[in-house]
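Visitor: Just need the whole structure built from these sequences, with the hints factored in.
Quick note, the sequences are listed as chains A, B, C and D, same order.
Heads up, the final residue of the first sequence is numbered 379 in the working numbering, and it's a clean run with no missing numbers.
Heads up, the final residue of the second sequence is numbered 379 in the working numbering, and it's a clean run with no missing numbers.
Heads up, the final residue of the third sequence is numbered 379 in the working numbering, and it's a clean run with no missing numbers.
Heads up, the final residue of the fourth sequence is numbered 379 in the working numbering, and it's a clean run with no missing numbers.
Computed list of lysine to any residue pairs in SDA-like fashion (alpha-carbon distance at most 25 Å, straight line):
hint, chain 1, residue 1, chain 2, residue 2
1, B, K34, C, N22
2, D, K376, C, R370
3, A, K51, D, S4
4, B, K376, A, E214
5, D, K51, A, N7
6, C, K51, B, C31
7, A, K34, D, G48
8, B, K51, C, N7
9, D, K51, A, T36
10, C, K51, B, T36
11, A, K51, D, P318
12, D, K376, C, A368
I should point out that these hints are in silico values taken from the structure, not numbers from a laboratory.
Number of protein chains: 4
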Amino acid sequence: MRVSEINVALIGTAFMGRAHGNAWRQVAAFCRPKRTPRLKVICGRDPGRTKAAARAFGWEEAATDWREVVRRPDIGIVDVCTPGDSHAEIAIAAARAGKAVLCEKPLANTVREAERMLAAAERAGVAHMVCHNFRRIPAVCLARQIIDEGRLGEIRHFRGAYLEDWLLNPAFPLVWRLDRKRAGSGSLGDIGSHVIDLARMLAGEIREVSGLTETFIRTRPLPGSPARKGRVTVDDAAVALVRFASGAVGSIEATRFAPGRKSQCSFEINGSRGSLAFDLERLNELQVYFESDPPALRGFRTILATEPIHPHMAPWWPPGHIIGWEHSFTHMVLDLLAAVADGTVPSPSFHDGVMNQRVLDAIGRSSASRRWARVKGVA
Amino acid sequence: MRVSEINVALIGTAFMGRAHGNAWRQVAAFCRPKRTPRLKVICGRDPGRTKAAARAFGWEEAATDWREVVRRPDIGIVDVCTPGDSHAEIAIAAARAGKAVLCEKPLANTVREAERMLAAAERAGVAHMVCHNFRRIPAVCLARQIIDEGRLGEIRHFRGAYLEDWLLNPAFPLVWRLDRKRAGSGSLGDIGSHVIDLARMLAGEIREVSGLTETFIRTRPLPGSPARKGRVTVDDAAVALVRFASGAVGSIEATRFAPGRKSQCSFEINGSRGSLAFDLERLNELQVYFESDPPALRGFRTILATEPIHPHMAPWWPPGHIIGWEHSFTHMVLDLLAAVADGTVPSPSFHDGVMNQRVLDAIGRSSASRRWARVKGVA
Amino acid sequence: MRVSEINVALIGTAFMGRAHGNAWRQVAAFCRPKRTPRLKVICGRDPGRTKAAARAFGWEEAATDWREVVRRPDIGIVDVCTPGDSHAEIAIAAARAGKAVLCEKPLANTVREAERMLAAAERAGVAHMVCHNFRRIPAVCLARQIIDEGRLGEIRHFRGAYLEDWLLNPAFPLVWRLDRKRAGSGSLGDIGSHVIDLARMLAGEIREVSGLTETFIRTRPLPGSPARKGRVTVDDAAVALVRFASGAVGSIEATRFAPGRKSQCSFEINGSRGSLAFDLERLNELQVYFESDPPALRGFRTILATEPIHPHMAPWWPPGHIIGWEHSFTHMVLDLLAAVADGTVPSPSFHDGVMNQRVLDAIGRSSASRRWARVKGVA
Amino acid sequence: MRVSEINVALIGTAFMGRAHGNAWRQVAAFCRPKRTPRLKVICGRDPGRTKAAARAFGWEEAATDWREVVRRPDIGIVDVCTPGDSHAEIAIAAARAGKAVLCEKPLANTVREAERMLAAAERAGVAHMVCHNFRRIPAVCLARQIIDEGRLGEIRHFRGAYLEDWLLNPAFPLVWRLDRKRAGSGSLGDIGSHVIDLARMLAGEIREVSGLTETFIRTRPLPGSPARKGRVTVDDAAVALVRFASGAVGSIEATRFAPGRKSQCSFEINGSRGSLAFDLERLNELQVYFESDPPALRGFRTILATEPIHPHMAPWWPPGHIIGWEHSFTHMVLDLLAAVADGTVPSPSFHDGVMNQRVLDAIGRSSASRRWARVKGVA
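Guide: Shown next, in the form of C-alpha cells:
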C-alpha cells in the first residue's frame, strides 16, 4: 500500500452500496483525491450477494460481520450504507475504532441517535460526514457560490419539494422503508431530509416549522405473502411551513404519490436581488435571475453547469456533455478524502446530520400537535 | 335596444375597469353571447378619466355617482371593479335594485361583508358572479374537464403559488394595495385568493389551514410625499398548508417578493391516476400526466390548449395562435350573459366569493394563533 | 369626423379580415395612434357574411364591390385581406386612388405582381405596408433591438422554421390554399414567407438559396364533392439553405405536416457575441445568450417580454400578463397610422413584400433546377 | 483468465481514450456482458501519459507501439480511439490479426479508407463496430423503438443539428481538429457525422444532399507559437438539405459557432402519425407526440427515459436518477461484447461507418459544385 493510499470498508450492498462503491472506484480514475482510496472490503449480511458486489466493483475482500470489519487496523474509512436503524451502532463503533466515517442519510432514525453519533465522532476526533450527496451536484454547488457572492441579496423565500411516485400502486408491498422501526419515517426522512439539507445549506438554519404528514394507503401486501396485508407505519407524504433563523420563510414537501414525478427534488430561492431554481431530474442545469441585469434583458437563465470552471466539473467531459446523478457521490468521497488528508471536518458533517434530524423531528412533533414546533438548538 | 340586448354599467376605470371594458366589448365581436351587452355607462370618481375610458372602449355614457347608476332602470348588469373596501356597498345596492352583479375579487375585505353580499344577492334573486377570471382560461377549463372525467383519479395533492416581484424595490410607494383598510390584506387577498379559487375549483373545499404571513419591508415612502414614510399594514407574502374536505393535502402561497416571477400563478395537482400542472405566464398550456399511458411512453405532455375543441377557443384563432390573459375576462362575461339569459346561478358565484374569503380569514387567524384554523362552513 | 380621424376600408371578411378588424378597433382603445382610425366600411363578396362582420366589429358600412370602395373619397386607408391572387389588382387600384394601403402577406403570388404593386404605390406616393405582423410581436421587436445594439456581434447563423400540422389528414379537402392559381404556392408562401421576413428583418438580405419542395399528399377530396378528388398543385413542405448578403448562412423551412406543431414559427440566430431564439407558440418570450456574461453564469435566459419597457407593451397589462397573437396586428396598424400621420414609409413596406417574393421565387427556381439560385436585386 | 473473459486493447489515451476506458471498466460493474472484458493493455505515443491512463482506469499494461499490440495473440478486441488519419491503418491491421474492432467515428477521413476498413473486417470475419455512441442513449433507443412499432407512421421530415460554440474565440489555437489532413473535415465530420448517423438510424438511408460549408475564421494562432498564425483548412459550419431513400426530406447542420450551445445535438422527426424530438444536453428525455391521443389531450410529452423498462436503463439507478453522456459508451461496449459472444455483426458496424462517410463526402462535393449530389450506393 502506497503511503497516499487509504483503505475503505463499505458496509451495505444494496442501492446505496452500489452508488458508494462506484464513487470510491471512480474518484481516482477521474479526479485527483488527496488520498487514494483502496477498495479493501465490502460487508453485507448475504455472503453470495456481497461477493458478487465485491467482484463487480473491485473490492478486495467480502465480509459478513461489520463488527470485525470496523475494528480492522488496516481500515481508514468506514462507509455506512445500511438501513437507518443500524447507522448509529455501526458509525459509533467505527468512530470509536478511530475510523473516518461516512454515513448515509438521514443520519439516524431519531435525534437522540444522531446526537450520540456526533458525540462519538467528535470524542474520537475522526472525520465524519453524512452523505447528503446533492450538495456535490455541480449546479447545486454553483447555487451556493452565487448566494455566497451575494448575488441573491438577502434570502426571503425557500420553496423545496421532493416528489416521487413509486408508491402509487396499492399492490406495492410493505417494504422496510414503510416500517417506522426500520426507516424512522417515510417520505419525510427518506427524501424530505434531502430538501431540508438543501434548505439549510442554501438558506441557513430552520428555526421553527408547522408540519403535516399523511398516509394515503394504510395497509399493503406483505413482501413474502402478498395475500396478507400489514400496516404502513410511516408517512406517504409530508408538507411543512418553515421559518428560518434569518427570518426567511419557506415550505418543504416530500411525497411518493406524485404521478409522473420520478425523482424530482426541486427548489426555488428568492432573495432581494435575484432568484434561483433547481430540479434534480435536470441536475446539470441551474436557473438564475438577477435584478442587476439591464431591465429589458432580465429573465431566468438556464446555466448548463458543465463547464470546466463549474464546481467539480473539470475532471469530467467537455462542456455540454452532461453527468449523471451518481457523479455526486464521487464528488462527496473526493471531498471526504481531502478532509481526511487535511485533518479538517468535512461538510456536511454529522453536525449537519443532527440538525437535519432535529428538523425532521420538529415536523413530526408539529404534525402531531397541530401547532408550530421549534427546532432544537436554533435560536 | 334590440330585445336580446342588455345594458351594462361598469363601476371603476382603473386596471380592472380596462380589463372588464375590453371583455364587454369583445364578447359580441368574437363569441355569440345569449344576451348582447350594450356598453351603456361607465362610472368613476374622476370625470375626465371616466370620459376618456368611455371613449376608448365605447361606453355610451360616463358617470361619477355610482348610486345613481346602479339604480337606473335601463341597466341590467352592474360590474364592480372598484377597490375592495367599496365592493359590499355597491354590490348590495345593485342587487337590491335588481341588477345582475359581477364583482371583482376578492369579493370583499372581510367574511362578514362577503356574506352580506351573498345574502343580498340571493334575497334579490339576481345573478351574482365573482370575477375569478382564471377559471375561464381554456387550459384551466381543460384541467377541470380532465378531473371531472376522472382521469386523475382521487386527488391527493394540490400545490399552488402566485409569485410576483413588483414590491422588491423598497422605494416603491405605499399605494392603496398596501393599506389594510382599503385592500383588506396584501398578497394574500390580492393574488392568494386566485390560488384559493383554483384550489376550490379543482380540488374541492378547504377544511383547515395552517398559515404564515410576513411583511418584509415595513415602511415605504408615501405616494404624495416620498420623503416621508408610512407603515405597510398588509402582508408581503403568505404561505399556508391546507387540508381539503376530501382529505387531500396541499400548500398555497402568495408573494410579491419573488424576483423574476412577474405574474406566475402556478399549480400542480396529483391524483391517484395522474397529474396536471399549469403556469399563468404560459396560460395557453396545460401539463398532464396519465398513469394509463403505456409504461414506456409515460411523460408529462404539454397540451397547447388552442384547438377549437378546447373550452372557449372555438371563436378565436386557428390552433397554435395563442390568446392572452385578457381573453379570460371575455369568457367570464360570456358565461355571465348566459346565466342571466337562462336564469341560472353563474359560477363562480358570490357563494364562491364567500368561501374564498373564509379561507383567507382562516389563514389570517392561523397566522396569528400559530395553530391550524378551521374554515367556516366546511365539515 | 374629427380632424385626427382617418377612415379605413377593409377588403376581406375571413380569417385575416377578423384579425385586422380587431386590430383597427383595439388600437384606439389601448394605444394612442397618431391618427384615430374610423371603421368606415368592410367589403366582402357575400353580403350576409359581410354585414355580420360589420356588426361584430363595428364597421359603419358593409359593401360588396371593392372597386367602388377603394375609390371613395372619404377613405384614407385600404386594408387588403383577400386571397393572394387579388392582392395586386386591389392594392394597385387603391394606391392609384391615393389611399394608404396595408396588404396581407405574401404581398402577391408572383414577383412580377409584387413589383407592380410597389411601383404603383411609389408612383402614387402613398403609404404602403405589407402585413408581416410577426415584426410587431414585442419579443421579436426586442430581438431586433438587441441585434441593433450590437449585442450579438456579427451574425453567422439563422435557423428558421414554420411548422404546422393541419394537412396531415388525407381526407382534408382541396381548399383554395392548395391551389397554385389562387395561393401562388403552398406552405412556402403561406408560412415560409413569415420566416423569410423574420430572416430579412433580423439578419439582412438573402443573396442565394438552395431549395427543395415536396408534396406528400398529391390528391385530395374536392371541397364540394368529397367523393371526387383533385390535384394538390402547391408544396406541402419546403426547405432551403440560404446565404445572406452578409456572409451568414442559414436554413428556412415551412411545412404543414409536422404533427404537434400547431403554429410553431421559430428561429435561432447565432452571432459572434451571442444568440437568440424565439417560438411563436410562446410569443411573449425571447431566449437570449450573451458571451459577455460572467463565464460561470452564462446561459440562455428567457425574457418574458411583458414589461412596460418592452416594445409595444406599455399600453397593455401589468408584467407577466401575457398578450396573444392578435395583438401583433394592433401594433401593425398603430405604426401604419403613425407613418400616415408623419408621411413616412412604414416598415415592412411593399419593398419588403417584393424582396420576400423574390426569395420565394428563388427557392421555387432552385427547387426545380436542383442548383443554387440567386435572389434578384441582392448583390 | 476465466473462459468468459476477453482481453481488450485500447489505442489512444485522450478524450475518447478516457470515455472508452471508463466504459470497458463500468460495463462489468453494472451490466451483465456476455463476455467479461479484461482491461489488458492501453497504448499511446507518450509513455508517461499512457502509464497514468493505465493506472487511472486499471489497464494491466501500458504500451507505445500499436503495431505490436494489435498483433498480440492474447488480445480479443482492439478499440481504436486515435485521430481520424490513423483509423484505417490500425483497424485494418487489427482486423487482419483477427481481432474484433471498435473504432471511433467518423470511421475514416475518406470514403476510400472507410471502404477498405469495411472490406478488411469482412474479409477477416471479425466483429466490427463504429462508435456512434448516441445510438446507445436510452432515449434514442426508445425513439427507434417507437418508430419500429409504427407509432410515427410514415416518416416525412428529419431535422437535425449539432451546435457547439468552442471555436467562437478567434484566439483559440489551430489544433489538429482544424487541420484537414489530420481530421478529414471540421464540424461536418466531427459532429455532423453524429447527426447523419442518427438520421440513418431513425429515418433510413440518405439518397442525395445539397450542402454548404463555411469557415468563419480562416487563420488562427499556431498551438506552439501563438504569435504566428496558420490556415484553418476545415469547415467551421456545414448545413445540408437531405433527401432520404424513403422520400422523406430533411436538413442536417453542424457548427462550432453557436454561442450558448455547448453540445446540443438535437433532432426532430415528423411522421404521418406523430413526432419525436431529442436534445443531447437533456439526453435522458425524449419528446413524443401521437396523433392517436384523444384530440383534446394531444401534446408533446416529455418521457424521462430512466425507467427500468427503458432500453439499457435496468442496470442503473431508480427512475428519475439520470445518467450522463458517458453511459452511452458503456452500452456500446456491452452490445459489442454480445455480438462477439454470439458471432453476430454489431450495429452500427463499419458498413454504417462507410455509409456515413459517403454522406459526408456527398455534402462536401455538393458544397463545391453548388448542386445536389448523390450518395454512393443508395438507390
